[in-house]
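Peer 1: What follows is each chain in one-letter form.
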Amino acid sequence: MIEMDALTKSYRKGAAVTEVLKGVTLRIRQGEFVAVMGRSGSGKSTLLNILGLLDRPDGGLYRLDGTDFSTATDDALSAARNRKIGFVFQQFHLLERASALRNVTLPLLYADDEPDDGTERAKQALAAVGLSDRTHHLPNELSGGEQQRVAIARALINRPSLILADEPTGNLDERAGVEILEIFRRLAGEGRTIVLVTHDASIASRADRTVLLIDGRIADGPGAARAAGLLGDPVAHE
Amino acid sequence: MSRILARRRRLVRDLFLSLQLLAAHPLRTALSISGLLVGGAAVIVMVAVGEGAERKVIEKVRAMGTNLLVVSAAPAPRVLGRPRQAPTSTLLRVEDAAAIAEESVLAVAAAAAVIKPVVVRSGGLNTSTTLIGTSPDGLRIRNIGAASGRLFDDEDDRGQRRVALLGPTVARNLFQGVDPVGRAIRLGSVPFEVIGVTRPLGTDTGGVDRDDQVVVPLATAMRRVLNIPFVHAVFVQSRSSADLERLEREVRDILHRRLAARSGTADPFVIQNQAVLLRTERGAARAMNRLVAGVIVLALLVGGAGLVTVMLMSVRERTREIGLRRALGAKRRDIRLQFVLESGILAAAGGAAGVIAGMAAAAAAAAFGRWDLIVSWRVALLGFACSTLLGLALGTLPAARAARLEPSAALRAP
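Residue numbers (my numbering), protein chains in the order written: chain A, 1 to 238; chain B, 1 to 414.
In case anyone wonders, no lab produced these hints; they're calculated from the structure. All residues carry an ideal CB built from backbone N, CA and C; glycine is no exception. Fair warning: there could be bad hints in the mix.
As the list claims (entries may be wrong) - Below, a sample of chain B positions facing chain A; criterion: calculated Cβ distance under 10 Å: (1) 329; (2) 407; (3) 408.
Claimed, not checked - Residues of chain B clear of chain A, computed beta-carbon distances all greater than 10 Å: (4) 20; (5) 24; (6) 103; (7) 208; (8) 240; (9) 293.
Construct all of the structure, not just a fragment, from the sequences and the given hints.
Peer 2: What follows is the structure, encoded as structure tokens:
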């Protein structure tokens, strides 16, 4: 599903060049629920952007579903994001003036082939996250947990194989956070690949596997996490 | 192809959302379109003024007759050391007018005329004006009609009767609201009876008031007032204005032949071609219109700058939305199209408001001012199209900026 080899990425700010990813090698299988953990500045967001085809690596190899996108055009990346990837963000990123249903159908707007049953599919997606009775509500009429579930329904509408979640429970209380994680568990059970980025070890512990990112490199296994002093330090700053 | 069309249709449907966003900021939206409103209104008012002026020219043409040549006796040559006998050449005769009417193929009619400044008196009042003596044919050629009373006829001319037609300006100056028909006047020292007041003719292309004149039969003017054997001018009418240049050559030939036979002098006359004069005037009006068009373009550009500013603000504010749309699969051109269409809608709204404002302004100007405005649907459409197309064109600027945003950076925007 996901193959990364010696991936590097630097950012240039003026004359200074910051190397964020210093050779990341990572394999994620279809249907796996993986948590990527790391402190603020460890390169989590950069890794997620590259995984989500929002950004390109400088070096190394990244294959998604066997396809190498390193030379793909901007349009091809857009199309791949639309078809293969569902995004869930910490701040939900819902359109404030659109109903839950409209928010969920938004990715269909940019699909190459619009399904005839778009509205029906959106309703199913909302039902799958337990929001059948909230289809015509505006985001500000929903609780934080409900808003994030709308965002998950939106991520599911084009039936992507990969779901990328960036601190999806960061803005939620514990109970709502647990509900969201339950949904991810279930989706993984249905064969979708979930990559969840977090700095919270208790959340990471709910994934099949935790990948630790330290200073731009992967440190695998819970031992490494303990070594990095990440476990037992859930309130890292993001 | 149909796939692309379907995609475009969906994006247009998405505009609904953009419209809601615009409606959420009514003041800013109003501000952004106000410039285009003014620009669009300016287009309409200025074109209306232009068309009004054009119509005035056409009316003037109709009033004086476009099919008119005026042959005037040239200023007399001065011989050094000798007093000038007459201010103009004295060679033109009544018979020359008759000869032109007879010999010219293109002329429909020709009439001789004498023209001279004169003082008119009635009761204790007097006024300086222009005396014109011409035949009933001359009245027809020059479009002189009676507003009250009657015109003179061939009988009056042959009998050298002292009957006079007053122009409206003279009638006003001399009789001050009293009906002058049947009253007595003196032209110089010669008594006349007023038999009619002419219809208003307005000003000619030279700006001379054509209503400030007294018209009497040609024979009366020549024998009883001026006592001269020659005439000052011959009016020649052609079948159509298209013939005027050829008619001018024809008349020149005829007169050359006749005058050369009479005196041997070359060219003691000048020919005024009304069509040429009018063409010049209309050309001036058009040049003015072009200048005005330049000003309008400037106004529209200023209005467009307002729109661009507001749209750039909108792009900055919605950076995260743009990032989200990109993450969800929007291509750069989808984002571009979205913002261009939004600008287009704003501009169309501004244009429509401008049409209404412009038509109202034109109607007000026409009702209260001395402006002559014509607002046609063509003009309204032009104003609307100018605003809308400009909005669409300028909308590409903020749209390009929106499309250039990198999705990952846009998503992180504050």
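Peer 1: Check the structure against each numbered hint from earlier and tell me which ones fail, lowest number first.
Peer 2: Result: hints 4 and 5 break, sorted rising.
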